[in-house]
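J.: Keeping their order, the protein sequence lines are chains W and Z.
Position 119 of the first sequence, counting from 1, maps to 118 under numbering that gives the first Met the number 0, and the rest follow consecutively.
Position 207 of the second sequence, counting from 1, maps to 206 under numbering that gives the first Met the number 0, and the rest follow consecutively.
These aren't lab readings, by the way, just hints derived from the structure by calculation.
Every residue gets a Cβ at the ideal spot worked out from N, C-alpha and C, and that includes glycine.
Treat each hint with caution, since some may be false.
As the list claims (entries may be wrong) - Computed spacing ranges between beta-carbons, pair by pair:
no., chain 1, residue 1, chain 2, residue 2, range
1, W, R67, Z, M145, 35 to 43 Å
2, Z, R85, W, A172, 56 to 64 Å
3, Z, N57, W, A17, 53 to 61 Å
4, Z, L115, W, A155, 23 to 31 Å
5, Z, L9, W, P255, 37 to 45 Å
6, Z, S32, W, P95, 48 to 56 Å
7, Z, R85, W, I279, 50 to 58 Å
8, W, L282, Z, M145, 28 to 36 Å
9, W, G252, Z, G114, 51 to 59 Å
10, W, I100, Z, L115, 19 to 27 Å
11, W, R130, Z, I146, 56 to 64 Å
12, W, T122, Z, L9, 35 to 43 Å
13, W, A284, Z, I146, 26 to 34 Å
Said to hold, decoys possible - Which stretches of chain Z does chain W cover? Using the computed rule of at least three CB atoms under 8 Å from a CB of chain W, they are:
no., segment
14, 54–64
15, 124–137
16, 173–181
17, 195–207
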Amino acid sequence: MNFSELATQVLEILAALAAAPLFLGWVNQCRAWLQNRSAPSLWLPYRSIRKLFYKDAVLAQNASALFRIAPYIVFGAMTVAAAIIPSMGTRMALSPVADAIALVGLFATARMFIALAAMDIGTAFGSLGARREMMVGFLAEPALLIIIFLASLLSATTALPAISEYLATQPLALHPSLAFTAVAFTMVLLAENARIPIDNPATHLELTMIHEALLLEYSARHLALMEWAAALKLFNYACIGFALFVPWGVATGNGPLQILVSIPVLALKLALAGAGLALIETLSAKLRVFRAPEFLATAFLFAVLGLLVHLLLGA
Amino acid sequence: MGNTPIDMQLLNACAALLLLLSFAMLSQRRVVSLVNLLAMQGALLCIATLLLAWRTGNNHLYFSAALTLGLKVFLLPWLLHRLIRRLQVYWDTEPMLNIAGTMLVGLLIVVFAFGLAQPISALASTATRSAIGIAVAVILLAFLMMITRRKALSQVVGFLSMENGLFFGAMSATYGMPMVVELGVALDILVAMLVLGVFFFQIREQFDSLDLHHLERLREDK
Numbered sequence: 000m001n002f003s004e005l006a007t008q009v010l011e012i013l014a015a016l017a018a019a020p021l022f023l024g025w026v027n028q029c030r031a032w033l034q035n036r037s038a039p040s041l042w043l044p045y046r047s048i049r050k051l052f053y054k055d056a057v058l059a060q061n062a063s064a065l066f067r068i069a070p071y072i073v074f075g076a077m078t079v080a081a082a083i084i085p086s087m088g089t090r091m092a093l094s095p096v097a098d099a100i101a102l103v104g105l106f107a108t109a110r111m112f113i114a115l116a117a118m119d120i121g122t123a124f125g126s127l128g129a130r131r132e133m134m135v136g137f138l139a140e141p142a143l144l145i146i147i148f149l150a151s152l153l154s155a156t157t158a159l160p161a162i163s164e165y166l167a168t169q170p171l172a173l174h175p176s177l178a179f180t181a182v183a184f185t186m187v188l189l190a191e192n193a194r195i196p197i198d199n200p201a202t203h204l205e206l207t208m209i210h211e212a213l214l215l216e217y218s219a220r221h222l223a224l225m226e227w228a229a230a231l232k233l234f235n236y237a238c239i240g241f242a243l244f245v246p247w248g249v250a251t252g253n254g255p256l257q258i259l260v261s262i263p264v265l266a267l268k269l270a271l272a273g274a275g276l277a278l279i280e281t282l283s284a285k286l287r288v289f290r291a292p293e294f295l296a297t298a299f300l301f302a303v304l305g306l307l308v309h310l311l312l313g314a
Numbered sequence: 000m001g002n003t004p005i006d007m008q009l010l011n012a013c014a015a016l017l018l019l020l021s022f023a024m025l026s027q028r029r030v031v032s033l034v035n036l037l038a039m040q041g042a043l044l045c046i047a048t049l050l051l052a053w054r055t056g057n058n059h060l061y062f063s064a065a066l067t068l069g070l071k072v073f074l075l076p077w078l079l080h081r082l083i084r085r086l087q088v089y090w091d092t093e094p095m096l097n098i099a100g101t102m103l104v105g106l107l108i109v110v111f112a113f114g115l116a117q118p119i120s121a122l123a124s125t126a127t128r129s130a131i132g133i134a135v136a137v138i139l140l141a142f143l144m145m146i147t148r149r150k151a152l153s154q155v156v157g158f159l160s161m162e163n164g165l166f167f168g169a170m171s172a173t174y175g176m177p178m179v180v181e182l183g184v185a186l187d188i189l190v191a192m193l194v195l196g197v198f199f200f201q202i203r204e205q206f207d208s209l210d211l212h213h214l215e216r217l218r219e220d221k
């Protein structure tokens with residue numbers, strides 16, 4: 000471990016923490032433009048997080064310690080995840096600590112604690128949200144794992160920075176397998192981040208909500224951490240997508256110049272990805288909850304097809 | 000990984016897309032979209048044939064590409080669309096197995112097909128031998144579609160998709176069949192399509208529906 004690796008690491012964590020609400024704000028803004036609404040400010044997520052931190056927390060009388068500790072665990076898991084995803088440079092101090100499978104485990108940990116905390120109070124909505132979240136989760140997780148397995152097969156390693164570095168240095172070629180898994184990954188991203196075909200992030204409509212139902216009992220700093228963690232999760236997923244499917248422009252060496260170049264590249268990728276996400280959300284209608292398994296089975300199918308095509312055609 | 004020539008990469012992409020289209024057909028409930036998917040499959044097949052003809056210099060492959068274009072991209076889908084309009088069937092009823100289940104069975108079938116094709120690929124000497132597995136998978140997936148669908152029209156689409164798979168298999172294993180065989184098969188399909196078209200009207204007249212489970216029971220004539 001040397002100084003530049005440490006610097007890259009710290010920079011990446013700080014960038015993720017700072018830019019995640021901005022990315023969320025950008026997606027919301029694009030969505031509003033596409034739907035002919037006047038757009039909310041780009042800084043709205045920051046303001047609401049700040050506002051929530053100033054408020055006094057209200058807890059239900061029968062809330063256990065788990066309920067209070069869950070936001071910190073979820074936020075912590077997302078921050079650690081941000082630390083092992085190569086968003087700017089692939090030479091990071093913490094990259095030997097955890098590989099891509101551990102990353103999926105981190106997401107699963109966060110999901111489990113959110114679900115447990117939602118059931119902790121014992122309200123109907125919390126349990127309902129928790130059950131739906133687990134349903135989406137247990138279907139999305141194998142798809143995500145298979146996507147990562149394909150990338151690992153291509154690059155002969157499960158460490159995400161090494162995968163990204165390998166893919167970034169390959170000559171440009173058509174990879175049907177990677178194209179399939181990219182589609183699968185987009186679908187998993189939509190499902191895992193409570194985006195439109197599965198869940199509508201902008202509504203509290205009780206019959207359809209998943210993510211909002213989980214957070215219904217939280218207030219003030221707990222809610223702020225949960226919202227921030229959700230923004231971080233979206234940011235993390237976007238960065239995993241960049242690392243696997245558009246790794247160009249990421250710094251593969253230690254030079255400070257490379258890192259400097261990779262910052263605007265990452266910003267550009269995020270801007271395009273946010274606009275694309277908003278476009279997908281505008282074009283598609285929300286699915287019935289009972290259609291969600293079908294949606295995720297399709298994602299799984301795309302991922303496995305990618306894997307099979309790679310095994311057969313070697314492409 | 001990056002050293003395969005660009006036309007082989009395109010061929011591989013075509014093969015992968017063929018497989019994808021087979022799955023899209025498995026999951027599609029609307030008959031009209033099913034026919035469009037079939038036309039797309041034909042178009043992909045045509046592109047793959049052209050690429051292969053260009054790569055190997057086999058002139059007869061150009062003819063079979065033209066035949067594919069005319070028959071499978073334009074004529075057959077047009078006939079099917081006309082049938083759909085005349086018969087007024089736009090939706091298939093819920094298939095025997097739900098869509099997600101069908102997809103998972105389909106995945107198992109693909110794995111089975113790849114295993115099945117491995118010894119054949121090992122014997123073949125063509126540049127496209129690795130695509131034989133995909134051709135077998137397309138054939139078996141079309142089988143699966145014919146098994147799980149109830150409506151006669153979807154079953155015919157499955158039948159035509161199976162023929163596409165066979166054509167692709169012949170192409171990737173031996174660079175296409177002799178011209179005479181190909182012409183014969185094309186004519187067969189066309190005639191089969193016409194005969195089945197007449198059949199549909201008969202079935203509907205008899206049972207007031209195109210649902211084939213009415214045919215499962217034998218009834219004595221009064």
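J.: With reference to the structure, classify each hint as holding or not holding.
T.: Structure-based check of each hint:
1. W:R67 x Z:M145: 35 to 43 Å: violated (58 Å)
2. Z:R85 x W:A172: 56 to 64 Å: violated (47 Å)
3. Z:N57 x W:A17: 53 to 61 Å: Cβ of N57 (chain Z) to Cβ of A17 (chain W): about 60 Å, so the range 53 to 61 Å holds.
4. Z:L115 x W:A155: 23 to 31 Å: holds (28 Å)
5. Z:L9 x W:P255: 37 to 45 Å: holds (41 Å)
6. Z:S32 x W:P95: 48 to 56 Å: holds (49 Å)
7. Z:R85 x W:I279: 50 to 58 Å: Taking Cβ atoms as reference, R85 (chain Z) and I279 (chain W) lie about 37 Å apart, which means the hint is violated.
8. W:L282 x Z:M145: 28 to 36 Å: The hinted range 28 to 36 Å holds for L282 (chain W) and M145 (chain Z), with Cβ atoms some 33 Å apart.
9. W:G252 x Z:G114: 51 to 59 Å: Violated, since G252 (chain W) and G114 (chain Z) (Cβ atoms, about 43 Å apart) do not stay within the stated range.
10. W:I100 x Z:L115: 19 to 27 Å: violated (31 Å)
11. W:R130 x Z:I146: 56 to 64 Å: violated (34 Å)
12. W:T122 x Z:L9: 35 to 43 Å: violated (56 Å)
13. W:A284 x Z:I146: 26 to 34 Å: This hint holds: roughly 31 Å between Cβ atoms.
14. 54–64: Coverage by chain W is violated for the segment 54–64 of chain Z (0 residues, Cβ < 8 Å).
15. 124–137: holds (count 4)
16. 173–181: With 0 residues in contact (Cβ-Cβ under 8 Å with chain W), the coverage given for the segment 173–181 of chain Z is violated.
17. 195–207: violated (count 0)
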